[in-house]
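In order, the protein sequences belong to chains A and B.
Its first residue numbered 170, the first sequence is counted upward by one per residue in the numbering used here.
Its first residue numbered 170, the second sequence is counted upward by one per residue in the numbering used here.
FYI, nobody ran anything at the bench for these hints, they're computed from the structure.
Incorrect hints may have been included.
Treat identical chains as interchangeable: a pair holds within one or across any two.
[Stated by the list, open to error] Here are the simulated lysine-lysine pairs, DSS-like style, with alpha carbons at most 27 Å apart:
#, residue 1, residue 2
1, Lys208, Lys295
2, Lys412, Lys586
3, Lys208, Lys306
4, Lys208, Lys541
5, Lys255, Lys190
6, Lys528, Lys412
7, Lys197, Lys586
8, Lys586, Lys637
Model, not experiment: these values are computed from the prediction.
There are 2 protein chains.
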Amino acid sequence: MAQDNKKQVEEITDMEVDFAKWFTDVCKKAELIDYSSIKGMFIYRPYGYAIWENIQHTLDAEFKKYGHENVYLPMLIPESLLQKEKDHVEGFAPECAWVTMGGSEELEERYCIRPTSETLFCEHFKNVIHSYRDLPKLYNQWCSVLRWEKTSRPFLRHREFLWQEGHTMHANSEEAREETQRMLNVYADFMENVLAMPVVKGRKTDKEKFNGAEETYTVECMMHDKKALQGGTSHYFGDGFAKAFNITFAGKDNQPHFPHQTSWGVSTRLIGGIIMTHGDNNGLVLPPRIAPTQVIVIPVAQHKEGVIEANQAIVDRLTAAGLRVKMDASEQSPGWKFAEYEMKGVPLRLELGPKDIEKNQCVLVRRDSGEKVFVSLDNIEQTVADMLDSIHDSLYAKAKKNLDDNTFAAYSLEEAKAIQEEKGGLIKTMWCGNLECELKMKEEAGMSSRCIPFAQENLGETCPICGKPAKHMVYWGVAY
Amino acid sequence: MAQDNKKQVEEITDMEVDFAKWFTDVCKKAELIDYSSIKGMFIYRPYGYAIWENIQHTLDAEFKKYGHENVYLPMLIPESLLQKEKDHVEGFAPECAWVTMGGSEELEERYCIRPTSETLFCEHFKNVIHSYRDLPKLYNQWCSVLRWEKTSRPFLRHREFLWQEGHTMHANSEEAREETQRMLNVYADFMENVLAMPVVKGRKTDKEKFNGAEETYTVECMMHDKKALQGGTSHYFGDGFAKAFNITFAGKDNQPHFPHQTSWGVSTRLIGGIIMTHGDNNGLVLPPRIAPTQVIVIPVAQHKEGVIEANQAIVDRLTAAGLRVKMDASEQSPGWKFAEYEMKGVPLRLELGPKDIEKNQCVLVRRDSGEKVFVSLDNIEQTVADMLDSIHDSLYAKAKKNLDDNTFAAYSLEEAKAIQEEKGGLIKTMWCGNLECELKMKEEAGMSSRCIPFAQENLGETCPICGKPAKHMVYWGVAY
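Using the sequences and the hints, build the whole thing.
Written out as structure tokens, the structure reads:
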């Protein structure tokens with residue numbers, strides 16, 4: 170490692186020393202985020218926003234494939250509208266930022282900046298749903314939402330964050346339930362195949378479900394520090410909001426019916442997940458399929474004749490092959506450049522100097538493993554594409570091993586507590602389904618229920634907390 | 170025209186009867202927009218939002234071509250931050266919506282929802298600009314902004330609207346001025362080549378320029394009712410904000426310097442412009458290069474064997490050729506379908522029935538002219554692409570004729586007033602450059618200055634309002 174490199178990397182706290190500090194160091198040094206003068210409101214810098222743009226681009230195409238259409242609804246919700254669904258307002262009102270003045274005038278009714286948009290969508294659905302022919306309505310919105318939280322951390326907990334929120338209405342419960350599962354699977358596939366983040370799919374307990382939902386489904390993943398992160402959620406509402414907002418449609422039977430509703434969302438929190446799943450003590454490590462720059466090309470001895478041209482030719486070839494490639498021919502030293510793109514987590518570095526040109530070869534250095542290989546320039550497009558796939562697979566395998574190695578079964582509350590204290594991770598136990606036991610696990614072992622996984626195992630017949638008959642196997646953990 | 174068609178079209182007020190009503194009818198009936206429960210805050214419905222997505226897609230690629238990067242800054246501005254630049258706050262404070270409560274607590278300082286983000290960008294620029302190596306900073310943001318206006322109209326005046334705001338910082342005045350012009354030209358080219366809207370490029374008078382800017386440039390266009398619409402603006406700030414925010418960088422001379430700044434923006438107002446430039450009494454007419462659906466394929470006698478398959482084959486061929494195509498094989502009558510896509514302004518309708526299939530032909534009907542032609546299915550991709558180009562050219566030529574035919578020279582205030590009352594349109598006169606004469610034109614003839622066009626003409630030596638020596642030729646008009 171060159172001297173410059175060491176110097177820059179030394180500015181990042183080792184994750185083993187202070188994981189939280191390592192995380193914020195990476196966010197700052199990789200230029201993903203900056204602080205603003207309002208606590209908890211962050212600035213998405215170009216490199217951080219470019220990751221979000223790639224997430225948007227990929228997911229938006231998936232949503233549209235299933236017939237979803239994008240819309241944009243107002244950012245303000247009249248207080249009376251927010252109050253229409255009782256559970257919903259109880260959950261969100263404490264976190265609302267309220268607009269009380271318009272220009273120099275006090276408003277007659279105060280408006281909250283949307284913390285989520287179910288109520289606004291219901292108001293609109295009432296206007297546009299009249300007949301079964303108007304169903305399903307499959308809407309999605311890309312926007313920012315605001316939740317006035319007390320504590321904040323880059324990407325993980327912002328007062329204002331970017332997200333997408335899908336809102337759909339269906340003629341019956343079955344179709345709505347299918348949609349809830351379909352979109353959960355879209356999230357799971359995206360996280361695994363694009364972000365290289367293995368997930369556990371499951372249902373939230375009643376305590377952990379979304380305010381106003383009948384059921385909430387989740388994809389949970391595990392970070393380097395063995396804490397859990399909720400990657401995305403998908404909610405089934407039944408016809409609760411439809412009744413509260415009096416939304417009906419004339420069915421084929423010519424009778425009025427209440428439609429059934431879903432909503433589902435992921436946010437820029439996923440970027441926090443990427444950092445804590447793949448990053449290392451040298452900085453960010455980006456999964457190739459989401460990286461704004463997949464290959465950084467660094468000319469060696471760039472002042473010698475023909476070097477820049479040969480590097481540019483490689484850039485052109487790789488770009489033509491559909492890869493995201495940049496060349497850094499700046500006056501910075503090679504050591505500085507190596508450190509810079511290592512910090513920024515660019516999956517692959519390509520070096521090409523006069524000797525390589527003579528030999529019709531170049532050097533490829535993998536960000537994930539540091540492995541360095543000389544490869545022929547013949548068919549370099551395929552070589553690079555294959556190596557990017559291999560990096561994706563390695564990142565996924567490493568994260569999967571972290572998840573598997575740190576998922577433990579426990580057969581008593583004490584054991585669950587001891588494992589959490591000693592090792593951390595996800596701890597699976599049977600559960601009777603009662604809130605009291607869930608609260609006891611939180612109080613005594615510091616863990617919340619992460620989900621009732623779809624992949625159930627039978628670890629016994631009784632709840633290890635109360636001894637009553639068990640209903641489900643649950644994953645418990647300390648979560649972001 | 171089929172019976173169903175007539176019925177639906179009759180729901181649109183003729184523009185000659187009531188232009189404002191025609192406009193809102195089209196916005197509603199073409200399903201571009203819906204009203205929310207807050208006055209002036211509108212819902213962008215899927216079809217309206219899809220037009221905006223196409224605008225975003227095209228402009229974003231242009232911005233990136235010139236090296237701009239997207240970022241996202243907070244939606245809230247602390248009052249003290251907004252106040253840092255005097256002219257700026259004076260212009261915007263009266264239109265701010267103020268957040269005064271976070272959760273259940275009164276805030277120590279109130280925050281306004283961004284009406285525009287110069288102050289936020291300056292706060293961030295101060296953190297990230299240190300050396301000449303950090304310049305230029307070429308940032309853009311896609312977001313919504315909020316201005317608490319008293320009156321509202323779909324697309325033209327929303328309390329909350331979608332836009333992009335570019336914010337750039339440069340090492341010196343020349344580079345910043347170049348950027349201001351470059352982005353004005355990006356807007357002008359986009360409007361002419363993509364939206365088929367001819368523009369007049371020019372500079373705003375001091376009275377009409379952006380609050381806090383040294384110079385504002387504009388692209389103005391003319392609507393069907395001969396009113397002017399400002400399509401986009403580009404501002405040169407000099408180092409005024411940099412000084413107010415104390416942003417400096419170390420130059421190559423190692424001395425501190427103030428950077429020079431620009432900002433530029435277009436909004437969903439452009440959609441209002443599209444409607445009022447191209448629409449007709451049958452509804453929306455979309456320029457082909459921005460239309461969400463460029464070709465609607467309508468199977469004739471669709472229950473006969475092979476008809477749907479043959480239509481699907483055409484859809485596949487046109488889609489493979491990069492065109493945006495949809496087929497409507499629903500149970501609605503052909504008349505209903507014709508009216509529906511006419512209302513929605515789809516540029517081209519393709520009809521294909523059993524007889525056509527036999528003859529290896531189809532019917533193409535242009536939305537702009539109603540012209541109906543039979544064409545061979547051989548090379549249908551090229552035929553359709555050429556016709557879409559021809560529609561673009563026709564729309565542009567028609568709009569250009571409207572602009573040219575309704576631009577008049579006047580040589581006295583009385584004459585300007587008389588022309589405005591009798592004919593409307595843009596009226597060009599010489600001008601001394603003084604605010605008093607500008608105010609007098611507004612008071613007596615009801616016209617604001619639209620711009621000092623780059624294409625100057627010499628209509629005389631004196632200002633027709635005060636008789637003093639003339640400095641510029643100005644365009645005056647009644648504007649949206």
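Hint check results:
| no. | hint | in the structure |
| --- | --- | --- |
| 1 | Lys208 <-> Lys295 | between (37 Å within a copy, 18 Å between copies) |
| 2 | Lys412 <-> Lys586 | neither (43 Å within a copy, 58 Å between copies) |
| 3 | Lys208 <-> Lys306 | between (38 Å within a copy, 25 Å between copies) |
| 4 | Lys208 <-> Lys541 | neither (43 Å within a copy, 62 Å between copies) |
| 5 | Lys255 <-> Lys190 | neither (40 Å within a copy, 39 Å between copies) |
| 6 | Lys528 <-> Lys412 | neither (73 Å within a copy, 55 Å between copies) |
| 7 | Lys197 <-> Lys586 | neither (35 Å within a copy, 60 Å between copies) |
| 8 | Lys586 <-> Lys637 | within (19 Å within a copy, 89 Å between copies) |
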